[in-house]
Every structure is written in C-alpha cells, then in structure tokens.
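There are 2 protein chains.
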Amino acid sequence: MNKTPERGEIPILSIVGKSNTGKTTLIERLIPELVRRGWRVATIKHNRHGFQMDHEGKDSWRHKNAGARMTVVASPQKVALVADAPRDYTMAELRDLYVRDVDLVLAEGFKKNPHPKIEVFRPEVHSERLCGPDDHCVAVVSESPLPPAVPRFGPDDIPALCDFIERTILRGAAP
Amino acid sequence: MNKTPERGEIPILSIVGKSNTGKTTLIERLIPELVRRGWRVATIKHNRHGFQMDHEGKDSWRHKNAGARMTVVASPQKVALVADAPRDYTMAELRDLYVRDVDLVLAEGFKKNPHPKIEVFRPEVHSERLCGPDDHCVAVVSESPLPPAVPRFGPDDIPALCDFIERTILRGAAP
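Respectively, the protein sequence lines represent chains A and B.
For the first sequence, counting from 1, position 33 maps to 37 in our numbering; every step adds exactly one.
For the second sequence, counting from 1, position 63 maps to 67 in our numbering; every step adds exactly one.
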C-alpha cells in the first residue's frame with residue numbers, strides 16, 4: 005500500500021459530459037465524500053476559451069502584465085500561480101508539472117484523453133451520450149436507466165460512486 | 005553557457021524595501037528590459053495577510069471550496085493554480101515546487117531570506133533603510149546619494165541596473 009504514488013502516477017479520473025449535465029456539481033459532491041474518507045484530491049479544469057484568474061491592478065497582475073512568464077503568489081496558507089503555456093497541455097502534462105501530494109486528480113473539460121472517464125448523462129438535455137465505446141468510460145451518472153454496458157449511478161449515489169472510484173481507480177492504495 | 009539552469013538553481017533576486025517605496029513599480033520596469041534582452045523571468049510575491057485569486061462561483065473556486073487541495077485551470081495559452089500550503093514556504097521552496105523554464109526569479113515581499121537583494125530606498129518616506137550589513141543587499145535603488153557601501157542606481161537607471169543584474173546574478177548565462 006503506497007499512500008503517495010510516484011510523481012506522474014497520480015491517477016486521473018475525468019468527469020465528462022455534454023454542456024449543462026452537471027459535471028461541476030458532481031465534482032463538488034464527490035470531493036467532500038472522498039476527503040471524508042481520507043483521500044487527498046486535486047482538480048484540473050480545462051477552459052478552451054481562456055479564463056481570468058488574476059485581477060487587474062493587483063501586484064501579481066502587474067508582474068505578469070509586465071512580461072513575467074510566471075507569477076507565484078504565496079501566503080502562509082495558500083499558493084497561487086499564473087503562467088504562460090507554450091501549448092495546450094494535456095492533463096497528464098499538467099499533473100506532472102504542477103500536481104503533487106494528492107492521491108487522485110479529478111479532471112473536467114478535457115474531451116479527448118486516454119484516462120478513465122465518468123460521463124454525466126442527462127437525456128432530457130442531450131439525447132446522445134458523449135462517450136463512444138472507445139472513450140474509456142468506466143461509469144455513467146444518470147437518473148435514467150441505460151443499457152447495462154457500464155455501471156450506472158444516480159446523481160445522488162455519491163457514496164456508491166466513491167466506493168466504485170476506490171475500487172477501480174484508487175485500487176490498492178490506502179488513504 | 006547553459007541557458008536553462010538545473011531545477012533548483014534558478015537564481016533568485018529579492019526586491020525589498022519598506023512600504024510604499026516602489027518595489028512593485030521597480031519590478032514592473034525591470035521585467036520588460038530583461039525580457040527585451042532575451043531573459044525569461046518569473047516573479048514570486050509574498051503576502052503575509054493572504055490574497056484572493058479565484059473568484060467565488062467559478063468552477064475552479066467551486067472545486068477548491070469543495071475540499072480539493074489544489075485546483076489547476078488550463079487554457080491553450082495559460083495555466084493557473086490555487087493550492088493549500090501546508091506551511092509558509094520559503095522562496096527557494098516555491099521556486100523548486102513551481103517555477104521552471106525561466107532564467108531568473110524576481111521576488112517581492114520576503115523580508116528575511118538568504119538571497120541577494122536590491123533595496124528600494126526613499127528616505128523621504130522612511131528615514132532608515134530596511135537592510136542591515138548582513139542582509140545580502142547587493143544594490144540600492146534610490147534618488148538620494150548614499151554612503152558608497154553598495155552600488156546605487158536611480159529609479160530610472162533601469163538599463164544600468166539590468167547590466168548590473170546580468171553581471172552579478174545571471175553571470176555566465178546567456179539569454
């Protein structure tokens with residue numbers, strides 16, 4: 005039992021689904037249950053269209069705006085960083101560059117990747133699922149019955165879904 | 005000549021000074037000149053009293069607020085990260101954890117550290133200097149004449165100060 009996997013080996017579980025299916029809400033509900041069980045969780049979110057993190061006028065923004073490739077801001081309790089990306093990093097690259105001292109990475113917003121996926125599916129919003137048979141989908145979260153090709157969990161079955169994540173993604177590790 | 009020093013060996017230059025002496029402004033002026041000369045610069049800023057980086061309601065904030073130890077947000081051009089810090093990291097620890105692919109780290113807001121320092125001094129704001137003889141102060145930026153114990157540069161002598169930084173901090177490296 006190895007509490008901290010070697011760097012580069014922290015497992016990634018991707019939460020996918022079409023727009024407005026509740027991906028962020030699912031992640032928000034999974035994290036506290038995983039943390040309660042003793043797991044250390046990081047998240048990676050991909051925004052194709054960019055994002056705003058630092059605030060205009062703040063010192064960190066002034067450093068970055070003056071041409072720094074990377075600005076780190078630290079307090080005794082927290083660290084934040086804004087960096088130029090030379091290209092669109094993969095999830096595994098982002099994990100290897102920045103994530104450490106956690107047991108699991110939950111990723112949101114990466115459509116194509118080789119990591120196991122949980123798809124959030126709401127047929128009343130989108131009639132077709134996002135994942136095809138080659139997309140490494142290991143479970144579906146949906147209120148609707150589905151063909152039993154992969155395990156299905158209801159949106160409120162958080163403990164059962166965490167059991168499943170422990171069994172299939174974190175297997176062997178101890179929190 | 006090694007363009008990229010080994011990790012952990014990226015030189016740190018600390019910009020120090022009492023409050024309202026113009027530390028951030030100096031950093032804002034140094035960076036473009038260093039970048040123009042081909043150097044890749046990162047900054048590290050310490051805020052003893054904390055800071056706000058992510059925005060309430062945003063997905064990254066929701067992930068972090070749900071209990072993630074670390075949230076990475078990525079776009080094709082930019083990466084940002086907010087992480088819990090188990091303790092008040094030193095500059096060298098922050099550099100080794102997060103900074104890569106740059107030639108120089110300019111740090112602001114760390115009072116006590118073993119790295120070379122440039123002190124911004126405005127006697128009309130504070131009559132006493134911050135750095136004592138054991139504080140590794142390698143230069144002073146001030147409009148006022150000073151005892152010639154260390155080199156002095158005027159606030160507008162940015163090219164001369166960059167020459168000095170290249171000579172004393174980046175010595176031997178080529179941009």
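Take the hints with a grain of salt, since some may be wrong.
Note: identical chains are not told apart, hence a pair may lie in one copy or across any two.
Unchecked claim - Each computed DSS-like pair below joins lysine-lysine, with the alpha-carbon atoms no more than 27 Å apart:
1. Lys-22 / Lys-82
2. Lys-82 / Lys-62
3. Lys-82 / Lys-115
I should point out that these hints are in silico values taken from the structure, not numbers from a laboratory.
Should Lys-82 paired with Lys-115 be assigned to within, between, both, or neither, using CA atoms and 27 Å as the limit? between (30 Å within a copy, 18 Å between copies)
Copy assignment of Lys-82 with Lys-62, given that the CA separation must stay at most 27 Å: both (17 Å within a copy, 18 Å between copies)
Indicate which option fits the pair Lys-22, Lys-82 if close means a Cα-Cα distance not exceeding 27 Å: within, between, both or neither. This pair counts as between: shortest inter-copy Cα distance 24 Å, intra-copy 33 Å.
Hint compliance for this structure: every hint is met.
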